[in-house]
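Undergrad: Spelled out from the first residue to the last, the chains are:
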Amino acid sequence: MGVPTASFFFAVLALCCLGGVAATLIASVVQRVVPSPVLAALRRDVGAASVALAALVAVVATMGSLYYSQVAGFTPCTLCWYQRIFMYSLAVVLIVAAVRRDREVRWYALPLAVTGAGFSVYHSWIQAFPPDSGTSFCTAEAPCTTRHVWEFGFVSLPFMALCGFSFVITMMVLARPAPQEVSVVESTDHELVSL
Amino acid sequence: MSNRPTTSSSRSERARQARAASEARTRTGWIIGGAVLVVLLAAGIALLATRSSGDDVAGGGASPSGGTVVPSGDRSTGPVQVTGSALPAFSQATPDTAVGQPAPGLVGESFDGEAVRIDPGDGRPKIVAFLAHWCPHCQKEVPRLTDWLEANGMPTDVDLFAVSTAVAPDRGNYPPGAWLRREAWPVPTMLDDQDQAAASAYGLSSFPYFVVIGPDGRVVGRASGELSTSQWEALLEAARTGSSTSTGEVGPASRVGG
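Residue numbers (our numbering), protein chains in the order written: chain A, 1002 to 1196; chain B, 15 to 272.
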């Protein structure tokens, strides 16, 4: 797979992530305004799958980042490294959590994803609008304003990372059991207590 | 949640709960499976999209598996002789310390084994472009410059040279000779050697990389990254006038190493 194919592939995936985030936001707003049992059931099911979905995205993002540095030969800049720190650790933590079906991982994954997203926003910003004076992160060997990838006229590497982090954040918010699920657990506990 | 028997729930109620839990698990499985399917689908779309546009996009998706047949005797690297002192490594720092320094002379060979001499100070301004076959920005730059040169003709007052460097058989779009032939690249191209002697003599740090040399053999300016047509014309103008107009990091570039 050549670099143009890989870039197109990862750009499409990034947009899928963004679509997932947007769909979740819209669905939650609709559910607030017009509560529907279908959306509530969807919320429960996606909630149950959320950790696995987030793990999938973090793993694919990690593979993408390794592809670009190890196969395509792009030298990661300092800001890329900061994003890698958070994405790589997310991949490991979320895989373990997905295997253990541990939705409590959101307390650990959310801070990682939010911090990573912060770096991605800043990095995307300086790639879209490179400052004349450079930045304290840029070095001559790996200038962080270089757009190694520029798909569809706006999808850069940090933008892809931002899409991945946003998706993980959304899934971690969904990992919180829905109110109905909580009540089921509570009633079961109550039954156990009444034994 | 619990499989323990409870006094308060009947057998049928437990069966109903188990069925509901199993259905929920199935739905979760469908969701995860769907997500995996999306990833595979994206891979398929990417392969199709870049393959169909491969003919008009610069070497797009070209890879060793792309069916390129290399004629026998085609080489990717060759001997390079460097005379003079090396230029400092190119960086974004301004002003560029290389400007005003004499550019080193290079003697090497073309893909066909013919001698190529880059002899700064022979009274003619020069632009030397350094290209790597695997660098996506070079793959985009080459057809753009080829189109410009076809439309405007080779400049008569500026000598153009290219150096094919950083050859890596395990990277995409190999070999460089086949790629440049496919693109009908009209610029005399020298092969760098395996140690990239020519590239390091010219202070290369990213691809594509352009060094503008005045008629007196001194560096007028350096630029790295993809050039737009107007930036390319500015480089030509800089070579003609001997004064730097637009150099530095001009567009997307691929870094050395990685």
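Be aware that one or more of the hints could be misleading.
[To be verified] Covered, in the sense of this in silico footprint (three residues per stretch, anywhere, with C-beta under 8 Å from a C-beta of chain A), are these stretches of chain B:
hint, region
1, 166-174
2, 185-195
[As the list claims (entries may be wrong)] What follows is a list of derived Cβ distance ranges for each label pair:
hint, chain 1, residue 1, chain 2, residue 2, range
3, A, Phe1155, B, Pro200, 32 to 38 Å
4, A, Tyr1109, B, Leu62, 36 to 42 Å
5, B, Glu128, A, Gly1020, 52 to 58 Å
These are computed hints drawn from the structure, not numbers from a lab.
Being a predicted model, the structure only gives us computed values, none of them experimental.
Glycine included, every Cβ here is placed at the ideal spot set by N, Cα and C.
Undergrad: Please go over all the hints and tell whether each is borne out by the structure.
TA: Results for each hint:
For a cut-off of 8 Å, the count of residues in the region 166-174 of chain B with a CB near a CB of chain A stands at 0, and the three-residue condition is violated. Using a Cβ-Cβ cut-off of 8 Å, 3 residues of the region 185-195 of chain B lie near chain A, which meets the minimum of three, so the contact claim holds. Between Phe1155 (chain A) and Pro200 (chain B) the beta carbon distance is about 33 Å. The supplied range of 32 to 38 Å therefore holds. At roughly 39 Å, the beta-carbon separation of Tyr1109 (chain A) and Leu62 (chain B) lies within the given 36 to 42 Å, and the hint holds.
Separation of Glu128 (chain B) from Gly1020 (chain A) is about 54 Å and conforms to the stated range, judged on CB atoms against 52 to 58 Å.
Comparing the model with each earlier hint shows a violation of hint 1 alone; every other hint is respected.
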